[in-house]
Amino acid sequence: MNGFSVVFAKEIIDNLRDRRTLISSFSVSILGPIFFVGLMVFVMERALGESDSATEFAVVGAQYAPQLISYLEQQNTNITRVEADDPRDLVMGGAHQLVLVINPDYAERYQRGNINTLMLVHDSSELSSGRRNLAQLRGYISQYGRIIGNLRLWLRGLDPSIATPITTQELDVASPAARALTILASLPYFMVLVVFMGGFYLAIDTTAGEREHGSMEPLLTQPIARSELVMGKVAATSVFGLLSLLVFLISLYIAVPFVPFERVGMALEITMTQLLEILVLSTPLIVFAAALLTVVASFAKSYKEAQTYLTIVVLVPTLPLILAQLMNVETTLRIMVVPSLSQATLMSDIIKGETVAPLHMLTSMATTLVYASVLAWLAVLLYRRERILG
Amino acid sequence: MIEVIELKKSYGEVEAVRGISFGAQDGRITALLGPNGAGKSTTLRILSTVAEPDAGSARVAGVEVTADPMAVRKQIGVLPHNSGLYQRLTGIENIRYFGRLQNIAPAALNQRIDALVEQLDMQEFCKRRTAGFSQGQKIKVALARALIHDPQHVILDEPTNGLDVMATRALRDIIMRLKQAGKCVLFSSHIMQEVDALCDDVVVIGSGEVKFDGTINALREYAGTEDLEEAFVQMAGLGEPL
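Listed in order, the protein sequences are those of chains G and E.
The opening position of the first sequence corresponds to residue 16 in the numbering used here, with each subsequent residue numbered one higher.
The opening position of the second sequence corresponds to residue 2 in the numbering used here, with each subsequent residue numbered one higher.
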């Protein structure tokens with residue numbers, strides 16, 4: 016074991032002195048949670064702001080329909096009275112986003128019981144807030160129309176319900192809390208990414224980098240088993256992956272209380288126990304990542320080539336997680352044998368505060384550890400070949 | 002003692018070594034002399050246990066390199082083609098790393114490092130990181146690293162490459178001292194004057210084959226000329242029309 020610990024210690028010290036390694040290992044870990052919390056706060060503020068805000072629009076010819084206007088004013092609206100020859104100019108010129116046009120013959124038609132057509136001038140290529148105003152105003156007007164229609168039926172001794180055989184009712188569950196949860200679901204993706212990024216440069220530096228600097232050959236003339244040499248390197252790479260995740264979790268722990276969850280009626284607390292669970296769950300994945308990166312980097316002839324290969328390698332286990340998150344993958348035993356996906360699914364459950372089945376957790380850890388061992392063994396085989404010298 | 006018998010090694014289509022045989026004795030300095038691409042480095046790499054021969058035998062202190070590479074690695078000190086130091090480690094740390102890999106006890110290791118720092122005159126720079134070292138400083142550190150376990154066999158691959166006059170002289174002194182200590186020194190070179198100044202025995206290699214094996218004086222006689230450079234050119238087959 017002497018060789019293992021000597022190589023391990025050397026790689027750790029050597030890489031702690033490398034600014035490039037440190038930046039790539041820890042920048043995502045530190046900035047990730049800060050970015051994440053910022054995004055949460057932004058989305059929540061927006062969601063809260065929207066549901067409270069009044070419907071804004073301008074009215075041309077308000078004097079022709081005083082009752083309608085007074086009804087609209089009683090709703091959550093903000094009405095501007097304007098005069099214009101062509102109401103289209105108001106919208107196209109950008110003075111107003113939405114204009115309601117009431118014709119001078121409104122009262123006359125109303126008296127006669129004819130249909131009154133009100134024009135809503137808007138620009139559908141405009142932003143979502145304009146569209147929301149339109150939908151709300153449309154709703155208010157048709158509501159008003161229904162009230163008038165119902166009154167007319169009553170006056171004629173008819174039950175208004177005969178005119179509305181079918182109605183719909185909407186229940187929008189996309190509360191601000193739900194939106195926040197969507198963002199929360201991206202956390203596992205970040206955590207897996209951090210695990211891979213932590214060991215990224217170490218895996219290159221200890222393999223392709225060592226070869227490029229010409230230190231690989233003298234190293235291989237030392238009386239140390241290739242297995243110990245490779246394990247020392249993989250272990251050092253793992254430690255950086257672990258540190259990277261640890262920094263991420265600590266950063267998250269500090270940043271999350273800044274999110275105003277209580278304002279959307281949600282209680283999310285990330286406890287030390289949860290973080291510890293995530294850390295334990297991720298350990299096999301950390302070793303897996305280190306071994307995978309080391310094997311692939313060993314094939315590269317130069318530092319640059321290794322960088323290219325590893326960038327692709329990091330995408331393979333992380334990108335599908337975004338898809339899995341959209342598809343809302345269920346936590347099943349079958350999923351647990353897939354490295355990276357199993358950890359992401361379990362992390363997601365842990366963050367939501369759901370209890371994780373020990374069988375699931377054990378399966379995920381055990382299978383990933385098996386894959387990690389196979390990869391590490393492959394790395395040892397690679398180092399036994401003289402081709403490793405390039 | 003180093004023995005090489007009918008050694009062969011190809012890289013793909015290229016036959017780098019085509020049946021080389023020679024010996025290097027303890028207490029003597031043996032040079033592998035030959036032009037670039039003659040097969041010197043390949044032979045030395047096989048002796049250093051980092052490359053495997055296709056055929057033939059290479060023995061260090063009677064141990065076959067392919068049979069027990071671990072035992073051989075404890076018996077040899079290797080100075081590779083380029084120094085191959087870790088730039089973010091100091092000179093001392095570079096040396097200590099290999100000392101630990103050789104499993105030398107900490108106290109003995111510190112003593113040994115102090116002795117080498119003095120012998121190689123490295124006091125001024127050995128505690129700095131090697132990133133900005135001159136070629137001479139790098140070679141010194143790499144040599145100290147190769148000698149940390151006091152190996153009986155020292156293999157040097159073109160050690161004077163890129164060294165200035167003073168550094169070359171310092172290196173020669175060190176090699177002479179190794180000889181006086183009874184070590185078996187084997188080094189490769191393509192520079193005649195250097196071989197003339199240092200070596201007891203010369204093995205001339207050309208196109209992967211041994212062209213001459215004997216003492217410096219025998220080489221002069223064999224070639225029939227006092228001019229060593231001329232002798233070398235003839236031996237290595239460089240004089241033949243292309």
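Careful, some of the hints might be misleading.
What the hints assert, rightly or not - Estimated spans, in silico, between C-beta atoms of each pair: (1) G:Arg-349 / E:Tyr-12: 55 to 61 Å; (2) E:Gly-225 / G:Asn-17: 28 to 34 Å; (3) G:Arg-400 / E:Met-2: 26 to 32 Å; (4) E:Asp-27 / G:Arg-35: 54 to 60 Å; (5) G:Val-331 / E:Gly-183: 54 to 60 Å.
As the list claims (entries may be wrong) - Which bits of chain E does chain G cover? Going by a derived footprint, with three or more residues having C-beta under 8 Å, they are: (6) 53–67; (7) 83–90; (8) 93–102; (9) 133–147.
Derived by calculation from the structure, the hints in this document are not laboratory data.
Because the structure is a prediction, the values reported are computed rather than measured.
We put the CB at the ideal spot given by N, CA and C, even for glycine.
Results of checking the hints against the structure:
1. G:Arg-349 / E:Tyr-12: 55 to 61 Å: violated (47 Å)
2. E:Gly-225 / G:Asn-17: 28 to 34 Å: violated (55 Å)
3. G:Arg-400 / E:Met-2: 26 to 32 Å: Cβ of Arg-400 of chain G to Cβ of Met-2 of chain E: about 29 Å, so the range 26 to 32 Å holds.
4. E:Asp-27 / G:Arg-35: 54 to 60 Å: Given range 54 to 60 Å: violated, Cβ gap about 46 Å.
5. G:Val-331 / E:Gly-183: 54 to 60 Å: holds (57 Å)
6. 53–67: violated (count 1)
7. 83–90: n = 8 at 8 Å, threshold three: holds.
8. 93–102: holds (count 5)
9. 133–147: holds (count 3)
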